[in-house]
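Visitor: So the chains spell out like this:
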Amino acid sequence: MSCCMRDAVTLEARGIPTIILVNDVFAPIAHATAALLALPADYVSTNIVWLPHPTSNLTAAAAAMLIDERIEGVRAALLGLAQPAPLRVASANAASGGGAALEEPVHSVHHGGSGNHSESESDSAALALARGIVEGLAESLRADGADLVLLNFGQGILEGEVRIGELTCDDGSCIMPADALAKMVEAMVKPKVSSLRLVTLREIVLDR
Amino acid sequence: MTFVVHDPRGTRIDPAPSLAPRPGSLAGLRLGVLDNGKEQANVLLGRAVELLAGDGLTPVFARKPSFAHVAPPEAIEALAMCDIVITGLGG
Numbered sequence: 604m605s606c607c608m609r610d611a612v613t614l615e616a617r618g619i620p621t622i623i624l625v626n627d628v629f630a631p632i633a634h635a636t637a638a639l640l641a642l643p644a645d646y647v648s649t650n651i652v653w654l655p656h657p658t659s660n661l662t663a664a665a666a667a668m669l670i671d672e673r674i675e676g677v678r679a680a681l682l683g684l685a686q687p688a689p690l691r692v693a694s695a696n697a698a699s700g701g702g703a704a705l706e707e708p709v710h711s712v713h714h715g716g717s718g719n720h721s722e723s724e725s726d727s728a729a730l731a732l733a734r735g736i737v738e739g740l741a742e743s744l745r746a747d748g749a750d751l752v753l754l755n756f757g758q759g760i761l762e763g764e765v766r767i768g769e770l771t772c773d774d775g776s777c778i779m780p781a782d783a784l785a786k787m788v789e790a791m792v793k794p795k796v797s798s799l800r801l802v803t804l805r806e807i808v809l810d811r
Numbered sequence: 305m306t307f308v309v310h311d312p313r314g315t316r317i318d319p320a321p322s323l324a325p326r327p328g329s330l331a332g333l334r335l336g337v338l339d340n341g342k343e344q345a346n347v348l349l350g351r352a353v354e355l356l357a358g359d360g361l362t363p364v365f366a367r368k369p370s371f372a373h374v375a376p377p378e379a380i381e382a383l384a385m386c387d388i389v390i391t392g393l394g395g
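As you go down the protein sequences, you meet chains A and B in turn.
To convert, count from 1 in the first sequence and add 603; that's our numbering.
To convert, count from 1 in the second sequence and add 304; that's our numbering.
Bound-form chain A, shown alone (with noise of 0.2 Å):
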């Protein structure tokens, strides 16, 4: 997924346009790559159209009929005229029951003699607001058998684990490295935990 929108990237870069094919699930690997590359703010709703997950299980013409329904959104992002459309991150976010906290940052709060007790209440609070903001993309992970879990948020650092289960791959392609993942958390979370200094994320390959 990622590495399509790098080509993208490259692409524009040499003065030519380029838009992709995405399936729905990845949407939030869509947005976490966008802010991890900097670009623009409308970038994946005006040059990704999107395909309902899964397609590999598809007939031909089941998968032609995809595009037919879609060509009008093709020919709209080619000549830049697709619409915006709002942040696809509101799954995730319902999910954890995060979604309200979405719109408050959390910074780590130092409170004189009673710090320890507010910075560990702040912590609690950034690692379950990162924990929202991440859930879409563990999601999207989800989908080809693996996961990304949030252990703990302190002295800003966020840790993790990336748990690789029976993936939906045969060589593991499917799944980016943790420190890429790690990078692409950070690029989502640093937002709205102001506070977050470093994403480490561990690799854990579960018994199949």
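Hints listed in this document are in silico derivations from the structure and should not be mistaken for laboratory results.
Hints may be right or wrong, so weigh each one.
Stated by the list, open to error - So, partial list: chain A residues that the calculated Cβ filter (under 8 Å) puts toward chain B:
hint : residue
1    : Ala663
2    : Ile670
3    : Val677
Virtual Cβ for every residue (Gly too), placed ideally from N, Cα, C.
Let chain A serve as the given structure and place chain B on it in line with the hints.
Guide: Only chain B this time, still in chain A's reference frame:
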């Protein structure tokens, strides 16, 4: 002697990349088609090409050896002659 040390970490593009200006019309343009090799990508992109042919677009095809990596330079060069590109399948 001066040494330049490059940081091997990360790939964040900074400053923000600029996007190419969009064409006013599709008629007569060369349409690059970058197939990343994912299952059904060729079918989906192929159907788009079929439908867009009616707009007067001429397709130029390129295929990535692996969807898990960025397109190799030869694929990018093959598409550099195009006016617009469609790629997929992200997912």
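Visitor: Holds or violated: is there a CB of chain B closer than 8 Å to the CB of A/Val677?
Guide: A/Val677 check passes; min Cβ-Cβ to chain B is 6 Å, inside 8 Å.
Visitor: Answer holds if the nearest beta-carbon of chain B is closer than 8 Å to that of A/Ala663; otherwise answer violated.
Guide: 5 Å, holds
Visitor: Mind checking the CB of A/Ile670 against every CB in chain B and telling me if the closest is under 8 Å?
Guide: Hint on A/Ile670: holds, closest Cβ of chain B at ~4 Å, below 8 Å.
Consistency with the previously given hints is maintained throughout, with no hint failing.
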